[in-house]
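Asks: Start from the sequences, fold in the hints, and give me the full structure.
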Amino acid sequence: MSASAQSVDTFRWQISARCLVALVILIGALQGASQEPPLKLTQYSHTAWRNQEGIFNGTVLSVAQTQDGYLWVGTTAGLLRFDGIRFSEWQGPGTSAATPLRIQSLLGTTDGSLWIGTGRGLGRFKNNEFKYIPKDGIGRVNAILEDSAGDIWIARSRFTGKAGPLCRAQGEKFRCFGLSDGFDCPYGEALTEGRSGSIWMNSYPGVCRWSPHKTDTFLPEGFKQGDTSRSVAGVLENTADTALVGFDEGGSHFGLEQL
Numbered sequence: 001m002s003a004s005a006q007s008v009d010t011f012r013w014q015i016s017a018r019c020l021v022a023l024v025i026l027i028g029a030l031q032g033a034s035q036e037p038p039l040k041l042t043q044y045s046h047t048a049w050r051n052q053e054g055i056f057n058g059t060v061l062s063v064a065q066t067q068d069g070y071l072w073v074g075t076t077a078g079l080l081r082f083d084g085i086r087f088s089e090w091q092g093p094g095t096s097a098a099t100p101l102r103i104q105s106l107l108g109t110t111d112g113s114l115w116i117g118t119g120r121g122l123g124r125f126k127n128n129e130f131k132y133i134p135k136d137g138i139g140r141v142n143a144i145l146e147d148s149a150g151d152i153w154i155a156r157s158r159f160t161g162k163a164g165p166l167c168r169a170q171g172e173k174f175r176c177f178g179l180s181d182g183f184d185c186p187y188g189e190a191l192t193e194g195r196s197g198s199i200w201m202n203s204y205p206g207v208c209r210w211s212p213h214k215t216d217t218f219l220p221e222g223f224k225q226g227d228t229s230r231s232v233a234g235v236l237e238n239t240a241d242t243a244l245v246g247f248d249e250g251g252s253h254f255g256l257e258q259l
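The sequence shown lines up with residues 1 to 259 when you count with this note's numbering.
Calculated directly from the structure, the hints in this document are not laboratory data. No residue lacks a Cβ here, since even glycine has one placed at the ideal position from N, Cα and C. Don't take each hint at face value.
[To be verified] Cβ pair distances, simulated, as ranges:
1. 49 x 179: 23 to 31 Å
2. 88 x 217: 42 to 50 Å
3. 77 x 180: 32 to 40 Å
4. 135 x 58: 31 to 39 Å
5. 182 x 242: 13 to 21 Å
6. 52 x 181: 40 to 48 Å
7. 83 x 136: 28 to 36 Å
8. 217 x 60: 27 to 35 Å
9. 211 x 50: 38 to 46 Å
Replies: See below:
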């Protein structure tokens with residue numbers, strides 16, 4: 001073989017080797033990217049999405065992130081999923097563009113589920129499957145909470161019957177707590193888990209506390225339950241027996257109060 005032929009063969013071998021190394025590096029990079037953990041909320045670079053941009057066709061009421069990294073946005077006209085680049089509309093069973101579903105509350109839980117609170121009831125979306133829990137309508141779900149044991153709690157309003165505004169979902173089991181349980185709050189707006197494992201629920205104008213041992217109702221002096229002119233804005237439990245409650249405005253028996 002001539003020297004020129006040997007140099008050509010050597011050059012071809014070097015090119016092939018380099019291509020092989022580049023391919024291995026590329027495959028490794030792709031595999032590494034596919035094994036990266038889901039994006040955290042702080043990793044999304046865009047800082048503002050506005051109605052003027054035409055992204056949302058309703059008022060934003062709730063936002064949640066699921067274990068796979070997706071952001072979910074609930075509006076008065078439906079549910080949107082954000083993958084870090086674009087928003088896509090999600091439609092549950094029995095909904096369409098002509099009959100949008102009001103998404104009142106959202107929660108991504110530790111098992112990868114997305115819990116969806118609507119004006120009709122409570123739904124669970126997991127592994128690309130959606131179902132209502134329970135199947136019948138339970139009113140408007142204003143808040144959803146996962147407690148330290150993994151149980152799901154909701155605060156609701158606009159429901160019928162006397163079952164009560166605080167409800168718990170344990171797997172397929174669903175139970176609500178009301179007057180018969182000593183729970184004297186007519187509506188539920190927000191939920192907080194206390195350090196002792198109790199569940200605090202904001203209402204109008206008082207606050208109720210549920211625990212496995214007892215149920216308490218706290219009402220500002222001079223007001224009756226169901227007075228929607230005042231509401232609880234937030235609850236922080238200090239100890240097992242006391243909590244700080246913030247009301248939506250100041251005044252006699254309002255502002256920040258310790259229970």
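Asks: Now tell me, hint by hint, if it's right for this structure.
Replies: Hint by hint, here is what the structure shows:
1. Range check, residue 49 to residue 179: Cβ separation about 43 Å, and the 23 to 31 Å hint is violated.
2. Between residue 88 and residue 217 the beta carbon distance is about 43 Å. The supplied range of 42 to 50 Å therefore holds.
3. A beta carbon spacing of about 37 Å between residue 77 and residue 180 agrees with the range 32 to 40 Å that was offered as a hint.
4. Distance hint check for residue 135 and residue 58: the Cβ-Cβ separation is about 26 Å, which falls outside the suggested range of 31 to 39 Å.
5. Judged by the Cβ atoms, the range 13 to 21 Å given for residue 182 and residue 242 holds: they are separated by roughly 19 Å.
6. Distance hint check: the CB atoms of residue 52 and residue 181 are about 47 Å apart, consistent with the given range 40 to 48 Å.
7. Between residue 83 and residue 136 the beta carbon distance is about 33 Å. The supplied range of 28 to 36 Å therefore holds.
8. Checked against the hint of 27 to 35 Å, the C-beta distance between residue 217 and residue 60 comes to roughly 32 Å, which is consistent with it.
9. For residue 211 and residue 50, the Cβ-Cβ distance of about 43 Å falls inside the hinted range of 38 to 46 Å, so the restraint holds.
In terms of the numbered hints stated before, the structure departs from hints 1, 4, listed from lowest to highest.
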